[in-house]
Structure formats: C-alpha cells, structure tokens
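S.K.: Taken in sequence, the protein lines are chains H and X. The opening residue of the first sequence carries number 1 in the working numbering; numbering runs sequentially from there. The opening residue of the second sequence carries number 1 in the working numbering; numbering runs sequentially from there.
Keep in mind that the hints are not guaranteed to be accurate.
Unchecked claim - Straight line, CA to CA, 30 Å or less: simulated DSSO-like cross-link-like pairs of lysine-lysine:
#	chain 1	residue 1	chain 2	residue 2
1	X	K329	H	K108
2	X	K51	X	K317
3	H	K108	X	K341
4	X	K360	H	K108
5	X	K329	X	K446
6	X	K341	H	K302
7	X	K263	X	K317
8	X	K267	X	K341
9	X	K267	H	K108
10	X	K446	X	K434
11	X	K434	X	K418
12	X	K51	X	K31
13	X	K263	X	K329
14	X	K317	X	K418
15	X	K360	X	K317
16	H	K302	X	K360
17	X	K398	X	K341
18	X	K263	X	K418
To be verified - So these bits of chain H aren't anywhere near chain X, every CB distance computed over 10 Å:
#	residue
19	M75
20	L90
21	E143
22	V196
23	M274
Hints were generated in silico from the structure; no laboratory data involved. Note that this is a predicted model, so its numbers are computed, not measured. Ideal Cβ placement from N, Cα and C applies to all residues, glycine included.
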Amino acid sequence: MGWEGFLLVVLLLIICVNSFNSLAFLTVENQVNLFVLSVEKIIIALIMTFIILNAEIDLSVASMMGLAACALGWMVESGTSTSTAIGLCLIIGLVGGAFNAYWITIVKLPSLVVTLAMLIGFRGLGRVLIEDRSIRVFPPWFENLGQQPILGPLPLSILIFLVLLVIAVVILQYTGFGRYVYVIGISQEVATYSGVRVARVKTILFMVSGLISALAGILFSARLGSVRGDMGLGFELDIITMVLLGGVSIFGGAGSIYGVILSILIVLYLRNGMSLSNVTGHIQTGVIGVILILSAMIPNIKSWLESIFDKKYAP
Amino acid sequence: MDSGSAVLDVQNLSKRFDMTQALEDVSVDLKAGEIHALVGENGAGKSTLIKILTGIQQADQGEVLLQGKPVKISNAQEAQSYGIAAIFQEPMVFPDLDVAENIFISHRDRGFFVRWKKIYQDAETILEDLGIQLDVRSPASGLTLAAQQAVEIAKAISLNVKVLIMDEPTASLSSHEVSQLFSVARRLRDEGVAVLFISHRLEEVFEIADRITVFRDGHKISTNPVSEVTRESLIQEMVGREVSKFYKSHEKTVQGRRIGSIKNLTKQPIFSEINFDLHEGEILGFAGLVGSRRTDVGLAIFGVTPADSGSIEIEGKTELIHSPQEAQKLGIAYMTEDRRKLGLAMPMSITENITLASLKKYLGLLGIVESSREEQTAGEFKERLDIKTPSLTHEVGKLSGGNQQKVMFSKWLNTQPKIFILDEPTRGIDVGAKAEVHQMIRELAKQGIAILCISSDLPEVLVLSDRILVMREGRQMGILEGASANQESVMALAMGQ
Numbered sequence: 001m002g003w004e005g006f007l008l009v010v011l012l013l014i015i016c017v018n019s020f021n022s023l024a025f026l027t028v029e030n031q032v033n034l035f036v037l038s039v040e041k042i043i044i045a046l047i048m049t050f051i052i053l054n055a056e057i058d059l060s061v062a063s064m065m066g067l068a069a070c071a072l073g074w075m076v077e078s079g080t081s082t083s084t085a086i087g088l089c090l091i092i093g094l095v096g097g098a099f100n101a102y103w104i105t106i107v108k109l110p111s112l113v114v115t116l117a118m119l120i121g122f123r124g125l126g127r128v129l130i131e132d133r134s135i136r137v138f139p140p141w142f143e144n145l146g147q148q149p150i151l152g153p154l155p156l157s158i159l160i161f162l163v164l165l166v167i168a169v170v171i172l173q174y175t176g177f178g179r180y181v182y183v184i185g186i187s188q189e190v191a192t193y194s195g196v197r198v199a200r201v202k203t204i205l206f207m208v209s210g211l212i213s214a215l216a217g218i219l220f221s222a223r224l225g226s227v228r229g230d231m232g233l234g235f236e237l238d239i240i241t242m243v244l245l246g247g248v249s250i251f252g253g254a255g256s257i258y259g260v261i262l263s264i265l266i267v268l269y270l271r272n273g274m275s276l277s278n279v280t281g282h283i284q285t286g287v288i289g290v291i292l293i294l295s296a297m298i299p300n301i302k303s304w305l306e307s308i309f310d311k312k313y314a315p
Numbered sequence: 001m002d003s004g005s006a007v008l009d010v011q012n013l014s015k016r017f018d019m020t021q022a023l024e025d026v027s028v029d030l031k032a033g034e035i036h037a038l039v040g041e042n043g044a045g046k047s048t049l050i051k052i053l054t055g056i057q058q059a060d061q062g063e064v065l066l067q068g069k070p071v072k073i074s075n076a077q078e079a080q081s082y083g084i085a086a087i088f089q090e091p092m093v094f095p096d097l098d099v100a101e102n103i104f105i106s107h108r109d110r111g112f113f114v115r116w117k118k119i120y121q122d123a124e125t126i127l128e129d130l131g132i133q134l135d136v137r138s139p140a141s142g143l144t145l146a147a148q149q150a151v152e153i154a155k156a157i158s159l160n161v162k163v164l165i166m167d168e169p170t171a172s173l174s175s176h177e178v179s180q181l182f183s184v185a186r187r188l189r190d191e192g193v194a195v196l197f198i199s200h201r202l203e204e205v206f207e208i209a210d211r212i213t214v215f216r217d218g219h220k221i222s223t224n225p226v227s228e229v230t231r232e233s234l235i236q237e238m239v240g241r242e243v244s245k246f247y248k249s250h251e252k253t254v255q256g257r258r259i260g261s262i263k264n265l266t267k268q269p270i271f272s273e274i275n276f277d278l279h280e281g282e283i284l285g286f287a288g289l290v291g292s293r294r295t296d297v298g299l300a301i302f303g304v305t306p307a308d309s310g311s312i313e314i315e316g317k318t319e320l321i322h323s324p325q326e327a328q329k330l331g332i333a334y335m336t337e338d339r340r341k342l343g344l345a346m347p348m349s350i351t352e353n354i355t356l357a358s359l360k361k362y363l364g365l366l367g368i369v370e371s372s373r374e375e376q377t378a379g380e381f382k383e384r385l386d387i388k389t390p391s392l393t394h395e396v397g398k399l400s401g402g403n404q405q406k407v408m409f410s411k412w413l414n415t416q417p418k419i420f421i422l423d424e425p426t427r428g429i430d431v432g433a434k435a436e437v438h439q440m441i442r443e444l445a446k447q448g449i450a451i452l453c454i455s456s457d458l459p460e461v462l463v464l465s466d467r468i469l470v471m472r473e474g475r476q477m478g479i480l481e482g483a484s485a486n487q488e489s490v491m492a493l494a495m496g497q
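All chains should be built: construct the whole structure from the sequences, respecting the hints.
M.R.: Shown next as structure tokens:
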C-alpha cells in the first residue's frame with residue numbers, strides 16, 4: 001500500500017469531514033473554484049516533481065512567475081500586442097531556466113544556491129520593470145482567459161493543468177526520459193557511468209521549469225486582470241510542500257507523480273475545508289507549515305516504522 | 001638507546017569485514033630503535049593493521065601491548081596519547097595554518113593563552129633536531145609534499161612519539177626527498193623510536209629496514225632480519241606458492257584480428273605513455289599494485305575522465321574519446337569495480353538495470369519504453385548468466401554480490417560491446433561465483449569480444465589473460481605473454497625491479 005495508500009486514506013477522510021461540515025463543498029462550483037484559486041501552483045508542482053526526483057531543487061519558480069507577469073504588463077503597457085507579449089514571456093521563462101541550468105550543470109554549483117540567487121534575481125528584475133505600480137492594461141479577452149468556462153464548467157487554466165498532468169504522468173512513468181530522471185536521482189554517478197547524458201536531462205528540466213513558471217505567471221495575470229511586483233511571492237514553499245507531502249524524497253530518486261496528485265488534492269481540500277469553516281488565512285498557513293515539517297520527516301518515519309517491523313518479525 | 005625491547009607487541013589480532021577475513025591471528029612486535037618494514041600484496045592486511053593501531057578500526061580478537069601493558073585504542077586521540085603516530089602518502093596538514101601551528105595543533109596542555117613565542121621556538125628546535133630546514137612561520141599550503149610530511153613527523157615528535165607508522169610515505173616523493181625522509185627516519189630510530197615502514201618499493205625496504213615482516217591474505221608469513229632475506233625470497237613469500245594449484249591449464253584463445261590500438265595515452269599527472277593493441281577474442285590482463293592507476297586508464301578509454309593526449313584507434317577510426325556516449329558508440333563498455341556507488345541503481349529492478357545502458361533500443365513511439373521487449377531481454381540474460389532471483393522486478397539491491405555482478409555483466413553485454421573493460425570483475429563475491437565469472441569472461445572472449453581485465457587478484461590475472469600489461473605508478477612497465485608469465489615476473493615489474 002505504501003505512502004500513496006496512506007495519502008488516499010487521509011484524502012478520503014478530509015473529503016468526508018468537509019462534506020459533513022459544509023453542503024457547499026461537493027458542489028461543482030466550489031470544486032472548480034478551489035482548483036482555479038491554486039491552479040498556478042499545482043501546474044508548477046508537476047515540473048517540481050521531476051526536479052526533486054532528480055535530486056535538485058528550483059526555488060526560483062515563484063519569482064519567475066512574478067517576472068513573467070511583470071514583463072507581460074510592462075510590454076502590453078508599452079504598446080506590444082498581448083499575444084506577442086505572451087510569446088516573449090514564455091521565451092523569458094526558457095532563457096531564465098537555461099541560465100539556472102548553466103550554473104548547475106556546467107559550473108556545477110548546487111541548485112539550492114543557484115536558484116536561491118535567482119529567487120532574488122528574477123524578483124528584482126520584475127520589480128525593476130514595473131516598480132511599485134499595479135498595471136491593469138489587458139484586453140478583455142485576456143482577462144476572460146482566467147475564469148471563463150470553455151469546456152463544461154472548466155476554464156482554460158484547469159484544462160492546461162489537466163493536459164500537463166497527463167503529459168507528466170506519461171513521461172515520468174512510461175518514457176526513457178522518465179527512467180533517466182529516476183536514475184539520476186538515485187545516483188548521478190551510476191547514471192554517468194551508464195552513459196546517460198546527465199547534464200542534458202538536467203538542462204531540459206530546468207528550462208521546462210522556467211517555461212512552465214512563466215506560463216503560470218501569465219495565467220495568474222489573466223486571472224487577476226492586473227500585475228504587481230509581488231505576484232506569487234512565497235509560492236515556491238507551497239509548491240515544494242505539495243511535492244514532498246506526495247512522498248517524493250528530497251534526496252531524489254524515490255516517489256511518484258501519483259503521490260503528488262493525491263497530496264495536491266489533500267492540500268487544496270484542507271485549505272478549502274478550513275475556509276468553508278471560517279478558519280482564518282493565517283491559521284491555514286500554519287497548518288500547511290506543520291504539514292511541510294511532517295512531509296520532510298516522511299523518510300525518517302518510514303525507516304523508523306520499518307526498523308520496528310524488522311525487529312518484531314525478524315526470524 | 002634501549003634497543004631490543006618490544007615497544008609495541010601485537011598479539012593474535014583478527015579482524016573480519018563481512019565476507020573477508022582481513023587479518024587472522026596476526027602477531028608482530030616492534031622494538032625500540034628499529035625500522036621494521038611491512039610488505040605484502042594488495043589486500044594482504046597491511047592497511048587494516050595500521051587502522052587498528054591508530055584507533056580508526058577495532059580488532060575483533062587479539063591484544064595490543066604497549067611496553068608490556070595491554071592497551072585499548074578506541075580512537076585516534078587515544079592512539080596519540082599512547083605515543084602512536086602515523087604519516088601517510090598524502091599528509092594531512094591544515095593549509096591555512098603555519099608550520100609551527102600545524103606541529104602543535106593537537107597539544108591540549110597549552111592553557112588559556114597561546115604562548116606564541118614558545119611555540120615558534122619549540123617548533124624550530126624540533127625541526128633543527130631532525131635536520132630539516134623549514135621556516136616555522138610559513139603557511140603549510142605552500143609546502144611541498146615532502147615538507148608537509150616533515151611537518152607531520154615533527155608533530156609526532158612533539159607528542160612524544162614511541163611508535164611512528166609510515167604508510168607508503170615515499171610514493172609521491174622525488175628520490176632526493178626520499179633520501180631526506182630516510183635520514184629523518186634513521187635519526188628517529190637512533191633516538192629509540194620504533195618505526196613501522198610500509199612500502200611497495202622493495203629497494204627502499206632493503207635500504208632502510210632492520211627487520212621485514214611479510215603479510216599475505218590476512219596472515220603473517222614471516223618476520224626476518226633484513227640480512228636473512230633476499231629479493232626473490234621476499235617476492236615468493238608475498239605471492240605464495242600454493243596458489244598455483246588453484247587453477248592453471250591456461251588455454252590460449254585464438255588470437256583474432258586487431259580491432260583496437262591505444263597509442264601514447266596520457267593524462268597528466270595521473271598516467272602517461274600507455275601503449276597496447278587489442279585483438280578480437282583476446283583477454284588482456286591489467287596488473288599492478290594499488291595506486292598503479294589502472295582504473296584511470298580504463299576510465300580514460302571509456303571517456304568518463306578523458307585523457308589529454310594520445311590516440312585511441314578502434315576499427316580504423318582514431319579519436320580521443322571525450323564522453324561515455326562516444327565510447328559506447330565505438331563499442332566500448334566499462335564495468336566498474338564499485339558496484340554499489342557507480343555500477344547499479346540499487347533501488348531499481350533487475351530489468352531496469354539490465355537495459356539502463358542500452359535504453360534507446362527499447363524506445364518506441366514518443367520515447368515510451370516498450371516494457372515487453374525489455375522484459376524479454378532481461379529474461380534472456382537471466383537464463384544465459386544464470387541470475388538467481390525469484391523475479392526480474394526484484395530490486396537489484398536485494399541480490400547477493402555474485403548475482404549483482406551478473407546483472408552488471410548483462411547490462412553491458414546488452415550494449416553488444418566489441419571492447420569490454422572489466423574493472424575488478426570478481427571483487428567482493430564468493431569463491432563459487434568467482435569461478436562462474438571466470439568461465440563467463442572466457443566465453444565472452446570466445447565470442448570475439450576483446451577483454452581488458454583490470455584485477456588486483458594476481459592469480460586471477462594469470463589464469464585468465466592471454467597477455468598481461470603491468471603498470472606501476474601511472475607508467476606501463478611491460479607486457480608479458482600470459483603463457484610464460486608467473487607471479488614473480490609480474491610482481492617484479494609491478495614493484496619496479
């Protein structure tokens with residue numbers, strides 16, 4: 001059964017409690033709404049899963065979101081057409097990711113340090129572009145993107161998430177690239193000695209991470225209808241929480257995308273349930289914090305349980 | 001001074017690591033005022049003895065007596081307090097401290113304030129007594145290796161050393177530096193220190209030692225005054241005689257056409273000027289002692305750590321290989337000596353490990369792994385190499401050493417190599433599995449693969465190889481014909497005779 005089974009039990013429990021607490025919980029409207037409110041984070045959580053499985057980390061995702069949003073506002077404000085600006089923002093994401101990858105794979109600095117620097121760097125760059133202003137210059141079609149249902153009750157952002165989810169599952173569980181991601185996470189040396197192009201895999205992951213983060217920033221701008229320098233501030237922590245709670249080892253190589261899907265649902269339903277019961281945002285954040293600590297302890301708890309089991313049942 | 005009495009008496013020491021008996025019932029005595037050399041092949045148990053004496057490891061059985069009293073050495077500090085010190089090939093000085101600070105680094109009786117003046121004076125006195133000229137105020141980072149060793153010796157003296165262990169101290173020194181080191185060692189001996197000197201260089205052993213102890217396979221073979229041993233008797237004792245009955249009947253495989261040629265392969269400062277040809281179906285043994293840089297040559301050919309000059313010609317294509325991918329394209333496979341760290345992804349399944357190096361063959365539409373074909377391959381190798389496992393989805397980490405080794409073989413055979421570099425192919429597996437692996441290597445050669453077999457197990461090299469290339473400290477000492485080579489002739493080259 002493993003960790004995913006445990007998450008499933010927790011999830012069902014939360015669903016039960018939530019639906020008893022509030023009749024609104026299971027309505028389609030509430031369900032769509034709770035996803036829309038966090039869609040940017042859960043999109044990034046997908047690529048973060050790959051990166052943490054690879055025994056790396058990308059702390060710069062939320063700042064890249066902010067940078068893409070600011071760049072979008074700044075370009076549209078200075079007369080660029082919105083669709084061109086969107087394209088350029090995606091390129092900024094790719095270039096930013098490639099920049100991270102350069103320092104990590106070629107200079108061989110730890111990704112923790114590189115992306116921490118870029119957490120500050122990308123955010124600063126965004127602030128330079130639009131300073132302390134709030135820009136609200138987007139055409140109506142763009143603002144509709146964020147919320148208008150286009151397939152049944154689902155808006156574009158949720159559809160994008162679902163498509164990316166399917167792609168992520170297929171790549172990670174079924175392709176050769178997914179296999180390489182795991183092997184590198186288990187041991188970079190074993191991968192190198194087996195002829196795996198370690199640097200190439202890492203470069204792809206960080207570039208895609210930049211691209212997806214920029215995409216999330218664009219979707220965020222569309223949902224809010226405006227951009228500000230502090231957009232997405234601190235999101236990286238929520239995203240990493242989701243991935244670790246999903247059972248992905250912070251040391252890489254272990255965990256699955258299914259666990260992450262379950263943990264996304266747990267975090268979203270927990271927050272939604274607390275909102276429906278009028279728990280304040282600060283306490284919600286506190287609860288999420290406790291969850292992060294617990295999820296970081298997962299490997300320890302697991303091995304502790306195993307050692308007890310081994311002692312009891314050893315021949 | 002009081003020469004003749006045993007300062008350190010090692011009695012019936014035994015130490016076991018998992019499968020291997022590193023030391024078995026070993027007794028050695030060190031007398032005050034003698035230089036006692038310890039020699040033996042790789043894995044004879046020399047390092048284990050040093051680790052026990054310096055408190056890095058503990059013995060399973062046996063006693064260490066210091067001046068007649070049994071002592072328990074449970075860590076490095078205790079060893080130091082008993083007056084046992086060791087210097088190694090790579091000295092361990094603090095680069096940012098100066099010479100005097102390094103010498104007095106471990107003193108605990110210095111009180112609250114550091115008395116700098118006294119420290120520098122004392123350091124000067126110690127170095128002067130040793131006949132070493134060094135500025136006590138210069139930082140250790142700028143010192144040569146030899147000077148760093150001198151600092152370590154001075155440090156040992158400042159701690160009132162009774163037993164000084166020198167583990168391969170001359171391996172990276174020039175001949176002038178060696179003679180300086182020797183004069184220091186002799187001076188210490190004359191002052192009543194017992195010096196335990198470990199070296200692979202027999203000429204040095206004969207130059208400096210008073211008595212010589214030989215270790216082989218964890219046993220002490222003999223201790224004799226230097227006047228009673230000869231070079232030949234020493235080598236014979238080191239390699240042993242009974243090994244020859246183990247296997248022999250070397251069947252020479254048919255020499256096929258030349259498929260590869262390595263010319264002047266060099267990577268400074270690690271190895272230089274390596275030259276050999278590889279033929280279809282030939283087993284070329286790579287012999288040498290620890291530190292002879294055989295693995296580095298293998299890694300350069302496989303492109304993990306590329307060489308900086310020379311050429312690798314394979315099937316008429318000449319290039320310097322820069323990455324494992326290039327090597328694989330040329331049909332080269334390299335099976336590492338370190339299964340755990342470099343060879344296998346332990347948490348992954350047997351199947352996933354077997355296909356790891358050739359995964360591209362199994363990718364279908366959209367890069368999706370065709371798992372049925374993958375399982376088929378794994379099944380074939382399970383049959384062919386007789387991998388013992390309940391299922392191919394089993395984690396590799398849970399297999400025995402011998403079966404893990406077979407998975408590694410499968411992984412590389414599946415890349416269909418023309419040249420297969422085997423690095424210590426039988427390390428850490430039991431005797432039965434070893435014979436199986438040997439059989440497997442012979443069969444691969446029969447199928448026309450050129451095999452380059454790096455091994456520290458001399459009988460293994462002799463029994464397998466058609467030709468034997470002997471290395472010593474990064475240089476190629478010669479290539480012997482397998483049929484006429486014996487332990488003595490290989491060891492003589494490996495030790496630079």
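S.K.: Next step is simple, just say for each hint if it's right about the structure.
M.R.: Hints and how they fare:
1. K329/X <-> K108/H: OK: K329/X and K108/H at ~26 Å, within 30 Å.
2. K51/X <-> K317/X: violated, 48 Å
3. K108/H <-> K341/X: holds, 20 Å
4. K360/X <-> K108/H: holds, 27 Å
5. K329/X <-> K446/X: The given pair, whose Cα atoms are some 22 Å apart, holds under the 30 Å limit.
6. K341/X <-> K302/H: At roughly 23 Å apart (the allowed maximum being 30 Å), K302/H and K341/X satisfy the hint.
7. K263/X <-> K317/X: holds, 13 Å
8. K267/X <-> K341/X: holds, 24 Å
9. K267/X <-> K108/H: OK: K267/X and K108/H at ~22 Å, within 30 Å.
10. K446/X <-> K434/X: With a Cα-Cα distance of about 19 Å, the restraint between K446/X and K434/X holds, given a limit of 30 Å.
11. K434/X <-> K418/X: holds, 23 Å
12. K51/X <-> K31/X: holds, 20 Å
13. K263/X <-> K329/X: Holds: K263/X and K329/X sit about 20 Å apart, inside 30 Å.
14. K317/X <-> K418/X: holds, 14 Å
15. K360/X <-> K317/X: Measuring from Cα to Cα gives roughly 23 Å; hence the hint holds.
16. K302/H <-> K360/X: violated, 35 Å
17. K398/X <-> K341/X: Holds: K398/X and K341/X sit about 15 Å apart, inside 30 Å.
18. K263/X <-> K418/X: Holds: K263/X and K418/X sit about 18 Å apart, inside 30 Å.
19. M75: The claim stands: M75/H keeps its Cβ more than 10 Å from every Cβ of chain X (closest is about 35 Å).
20. L90: At roughly 22 Å from the nearest Cβ of chain X, L90/H sits farther out than 10 Å, so the non-interface label holds.
21. E143: holds, 35 Å
22. V196: The claim is violated: V196/H sits with its nearest Cβ about 8 Å from chain X, within 10 Å.
23. M274: holds, 37 Å
When held up to the earlier numbered hints, the structure conflicts with 2, 16, 22 and fits the remainder.
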